[in-house]
Every structure is written in C-alpha cells, then in structure tokens.
Amino acid sequence: MMRGMLMSTEMQTFTEKYDLLGCIQCGRCTGGCPVTVRADLNVRQFVNDAYDEEKLEELARLTEIWDCTACHTCAVRCPKGLKPLEVLIGLRTMIVESGKVEPTVRDALQSVLLEGNPWEKSRATRLDWMEGLDVKVADPDEPVENLFFVCCTIAYDPRVRAVAQNMVKLLNKAGVDYAFLPEEESCCGSEVFTLGEEGLFEMQVEDNTEFLNEYQAKRIVTLSPHCYTTYKAHYPDLKTPVIHYTELLVELLNDGKLTWKEELPKKIVYHDPCYLGKQGGIYDEPRELLKSIPGAELVEFDRRRERSLCCEGGGGKMWVESESKKERLSETRIKDARELGADIVAVACPFCVLTLEDSMKGLGYEEEMRVAEIMELLGELMET
Amino acid sequence: MKTLVCIKYVPDTSEAEVKVNPDGITVDDSRFSFDINDADNYAVEESVLLKEAHGGEVTVLSMGPKKSEVMIRMALAKGCDKAVRVEDDRVAGHDPLMVAKTLAGAIKGQEFDLVLTGCMASDDWHMSTGVALAEELGVNHASMVNYVEVMDGKVKVHRELEGGLLEAVELELPAVLTIQTGINEPRYAPIRGIRQAQKKELNVVSLDDLGIDPETVGMDASQVVLEKLYIPEVESTAEFIEGEPEEKAEKLASILQKGGLV
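Listed in order, the protein sequences are those of chains S and E.
In terms of this note's numbering, the first sequence is residues 1 to 384.
In terms of this note's numbering, the second sequence is residues 1 to 262.
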C-alpha cells in the first residue's frame with residue numbers, strides 16, 4: 001500500500017528514480033561512510049537490496065536508515081556519480097508517508113508546515129534576533145546587492161543567533177549594500193528533504209522559489225551551509241545566484257574592508273562542515289578568513305576537506321537519536337582537536353556548533369577549549 | 001463503529017510572552033503559534049486506531065475559526081472521514097458548558113457509538129467540556145482515559161487517577177470518553193495525505209444551521225463571567241534559617257505552625 005502510493009505519485013520505479021542499476025557495487029560508499037564506526041548502516045547493501053521492489057517495505061523498516069547523516073561522503077566517493085544516501089532518503093519517505101515516524105520528527109515536520117521552521121517556534125518571533133540592532137529589512141520593490149537568508153536555526157537558537165547578529169554589525173561597519181529577508185522567510189527544506197518528507201519539500205521549493213524571486217537582488221547570501229547547498233542543489237527555478245557568507249567576507253577582506261582590532265593569539269583548527277565542503281565545494285574561504293586573524297595559528301585536522309569527519313548534525317539527525325551507544329563522531333572530532341592542541345575549533349555551520357560544543361562539554365574540555373562559528377570570532381575581533 | 005472526535009485549535013503559549021489585551025479579558029495572540037490541542041491529538045489518533053481495528057467511520061467536530069481548518073485537514077489526512085466546523089461568534093466560548101451545548105447540538109440526531117475528546121485543553125484548562133458534553137447528550141462517560149478496548153455493545157477503559165492509580169470501568173455504548181495524553185503515539189500527517197484529504201467533506205456550520213437557539217449558548221445564558229485576566233505578579237521570598245541543627249528545626253517548626261501548614 002505504501003509503495004503503491006509512492007509509485008502513483010512519482011510515476012517512476014524506485015530503481016529508476018535512484019538509478020540503482022548504475023551501481024557497480026564497488027563499495028566505495030560504505031568504505032568511506034563515517035557512520036559505520038558506530039552504527040550497522042551499510043549503504044552499499046541498501047543500494048543492492050532496494051533493486052528488489054518486493055523488499056522495499058522491509059528495508060524501510062530497518063532502523064539504520066535513520067543513522068545516515070546525509071554527509072554526502074558516499075556521493076563524493078561514488079565513481080559512477082550516484083548518490084547512495086538518497087536511496088536511504090527514499091526509504092525514509094515510505095515511512096514518513098505512512099505517518100509512523102518518531103514524535104520528534106513528526107513535530108519538526110509539522111512545524112515546518114505550520115510555522116515555516118522545524119523548531120516549533122512561532123513565525124511571528126522569527127525576527128526577534130534583530131532586537132536592538134540596526135538591521136535593513138528587504139523590500140521587494142527595492143533592489144539590493146546582498147539579500148540575506150538567515151536560516152531557522154540561527155534565527156531561533158539562542159546559542160547561534162550571534163552569527164546573524166555579528167553579521168549585521170559587520171555589514172553596517174563595512175558599508176555593504178544588504179538587506180535581510182522579512183518574517184515571511186521560511187525554512188529552506190534541507191532537513192525536510194533528508195528526513196524524507198518529499199511532498200512537503202516539493203511544496204517548500206515551489207513556495208520559496210516564488211517568494212525569493214519577488215526580490216530584486218544581485219545574490220542571496222546564506223548564513224548556514226545547509227540552506228546554501230539546498231538552494232544550489234534543489235531550486236532550479238531560483239533566478240538569483242546563492243552564495244555562502246564566507247564567500248562574501250573574503251571579497252570584503254580582499255577589498256580591505258575587514259580590519260581586526262586586536263590579536264587572537266590562539267591555535268585554531270577548522271572543521272569542514274559536510275554541507276559547506278563535500279556538498280558546497282567551499283574549503284578555502286573559511287580558512288582565508290581565519291588566517292586573516294592577527295596572531296592566530298591555523299592548524300589542520302588529518303581528516304579535512306573532502307575527508308572531513310561528519311559531526312552527525314545533518315540528515316535530520318537533530319531530530320533522530322541514534323541507537324548506538326558508541327562514541328559520537330563529534331566526540332572523536334573534539335578529541336582529535338585536543339590532540340592537536342587547538343584552543344578553538346572553528347566551524348561555519350550552526351549544526352556543527354551545536355553538536356561539537358555538546359561533545360566538548362560532555363568530555364569536560366570546556367575550560368581549555370572553545371567551539372565557535374567563524375562569525376562569532378570575527379564579531380569579537382571587529383573594530384567598532 | 002461510528003465515532004466522533006472533538007478537537008480544539010489552541011495557541012502555544014510556551015514560546016512567546018503572554019500579554020493581556022487592553023480589554024482585560026482577552027490575550028494578544030499575534031505572536032503565538034497555533035495547533036491542535038495536545039490531548040485532542042491523542043483523541044484523533046485513538047479514533048483512527050479504533051477505526052483501523054473495528055472499521056466504521058470517524059467524524060471530526062470542531063468549533064473554531066477558518067484558520068483552524070489546517071488542523072482539521074491533518075486529522076482527515078490521518079484517517080478521519082469527514083468533518084464539521086462550527087463557526088459562530090455568538091457562542092460564549094469561555095464557558096465549557098456553552099461549548100458542550102453547541103457541540104451536542106451538532107451531534108444530536110446522529111447515531112454514534114463513541115465521542116472522543118481530549119481530557120483537557122491547554123488554553124483554558126477547564127477539563128470539563130467532554131464531561132458536560134456527555135451530560136448534554138444523555139450518555140455515559142469516562143474521563144482521563146488512557147486505555148480503550150471495544151467489546152460487544154460496550155467499552156472497557158482505564159482511567160488515570162491520582163498517584164498513578166488506574167481505574168478499570170466498563171461503559172455501555174454510546175459513550176463519551178475524554179482521552180488522556182500518552183494513550184498512543186499520534187502519527188504524522190504527511191503533506192500528500194493532507195492534499196488527498198482536501199477531497200473529504202468539511203462542512204462549516206453556524207448555530208442557525210444546527211438549529212440551536214443562540215440565546216441558549218450565548219453570553220446571557222452563561223453563568224460564567226470572565227472578569228479579568230492578569231499575569232500573576234512574580235513573588236519570591238526566601239528565608240535562610242541560620243543556627244545549629246536543633247535551633248534550625250525549632251525555627252522551621254515555628255514558621256510552619258504560624259503559617260498553618262502543620
């Protein structure tokens with residue numbers, strides 16, 4: 001019954017949709033999957049077994065389909081250009097469409113539909129982060145060079161709001177032509193897509209495209225790499241190009257518009273967020289920004305750039321707890337940073353901040369180490 | 001099984017500051033998100049589970065504004081069959097008895113086995129609409145229900161009492177059950193299901209359509225007068241008792257005695 005529904009709306013078989021016959025079972029996907037150290041997930045096997053349509057419902061009921069963090073390592077490594085992770089998302093769709101999902105997933109998805117964000121917050125409070133700041137808010141009738149999309153997590157989560165707040169201060173100081181989207185801004189759908197709510201995601205793409213296309217902007221600047229990659233990969237009719245904020249800041253840096261008021265004599269290690277690096281292809285800009293900080297020493301993880309270790313915050317995992325009791329990847333990451341003697345783990349993603357900081361606190365390294373979004377650091381160093 | 005499930009659209013007051021309007025008897029709800037009342041969500045799920053197990057039909061009944069239809073459509077997407085939404089400003093909505101009379105007016109004349117409601121609403125917390133509804137309909141009821149088993153012509157239910165006690169009762173059908181949260185795990189209404197549910201019947205009716213005399217459910221009929229809403233003043237006094245353990249105990253006992261607490 002579930003499959004029947006899926007087929008009738010998709011007009012494509014599961015095998016066709018995910019190009020399962022394109023797979024040569026080389027195993028590079030599973031070989032690189034970071035989750036395998038703590039869960040039984042074997043994505044190669046799913047790609048193999050999903051070919052048998054009779055088995056799809058059984059596969060969809062396996063709990064490990066919810067272990068995938070959508071980090072895209074499998075897609076980066078696939079020699080055939082396939083996206084093995086999307087097979088798991090397709091199986092999640094079957095569960096979501098039956099309605100029998102974890103309550104946390106249910107509430108997040110419903111909140112996106114009703115309030116335009118997955119955090120069960122009221123739409124009317126979306127701009128509360130702007131309080132006390134001189135923020136330019138966008139108007140469809142006024143052309144603007146940089147149109148900012150703030151992201152639900154940054155707008156609502158008090159831990160990462162500083163990313164947007166510092167950005168405003170920096171833009172005002174540097175005299176940048178910018179405006180932030182008004183309260184009508186809705187979730188980009190990144191996590192809706194990976195949680196498998198295909199119908200809702202299609203609706204978001206349609207609604208957001210129409211909403212964003214009303215604005216006369218030279219480009220849309222996203223603060224979260226999740227929004228960045230989602231707009232780049234899934235919004236074919238968006239008329240405005242999308243960039244990540246680190247790209248804009250490097251431009252400002254090169255134009256001599258960013259100056260820092262003091263030194264930061266710390267050892268900083270940069271953690272490549274999967275959505276910004278592996279999926280967005282942005283590796284150098286965050287590093288350039290960190291290198292511009294006077295007195296700071298930038299060190300590197302062994303697992304960096306395309307091989308960066310996932311923090312497990314993506315793929316809807318903010319709403320799905322893994323059954324595994326083994327060490328979290330974010331804990332591994334923090335331990336690696338400590339071995340490098342890093343004072344600061346710098347990231348450019350709100351989810352990475354939340355997962356890595358939790359692990360840092362859990363491991364008891366709070367006194368000796370800090371997890372910070374690049375924008376937090378730059379905000380503190382900015383001349384006012 | 002013919003079941004009706006009564007649901008209410010309520011604000012979530014946990015995330016935004018509650019402000020009383022200048023009229024003193026209403027709340028500024030412009031910054032709240034709205035959703036189905038929590039306990040009613042469990043009632044919807046229970047109605048759908050009963051239908052899946054025993055067949056039959058579920059009708060959603062709600063009194064509320066047009067914007068609450070998204071909540072009704074979600075219930076239809078989950079498996080309820082049709083819906084009635086009562087919209088009429090003349091009902092004294094602050095009085096559970098008037099609400100119960102209105103809901104009863106929408107149900108009367110229909111055959112039914114069960115009416116499910118949530119056991120309480122998270123806006124006014126009266127916990128009485130369901131019970132008053134049973135009285136208006138002249139049928140049996142059980143409140144705070146966290147287990148339902150349908151038998152021939154009757155239901156066996158568990159009622160949640162204080163201190164973790166459960167009371168098992170059997171009721172002859174038809175009956176009204178007010179459902180406690182936790183009885184089941186409410187499912188998600190996927191967007192494709194909501195779209196398909198657009199085809200299901202949703203009738204919007206007024207008191208006139210229901211043949212209810214507005215005089216019987218309006219402000220004049222209500223014996224509850226909402227005089228004033230206010231935010232309780234934050235008061236906190238903490239007295240630290242100093243001294244040796246024996247002195248401390250004596251002082252504490254004296255405070256408790258003076259306060260009439262022992």
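Hints listed in this document are in silico derivations from the structure and should not be mistaken for laboratory results.
If you're wondering where the values come from, they're calculated on a predicted model, not measured in any experiment.
Any given hint could be a false lead.
Pairs of lysine-lysine, DSS-like flavour, derived with a Cα cap of 30 Å [unchecked claim]:
1) S:K17 to E:K199
2) S:K100 to E:K200
3) S:K100 to E:K248
If the Cβ cut is set under 7 Å, some of the chain S residues that face chain E in the computed set are [said to hold, decoys possible]:
4) V96
5) G99
6) V101
7) E102
8) G199
Glycine is no exception: its CB is placed at the ideal position from the N, C-alpha and C atoms.
Contradicted hints - numbers only: Of the numbered hints, 3 and 7 do not hold.
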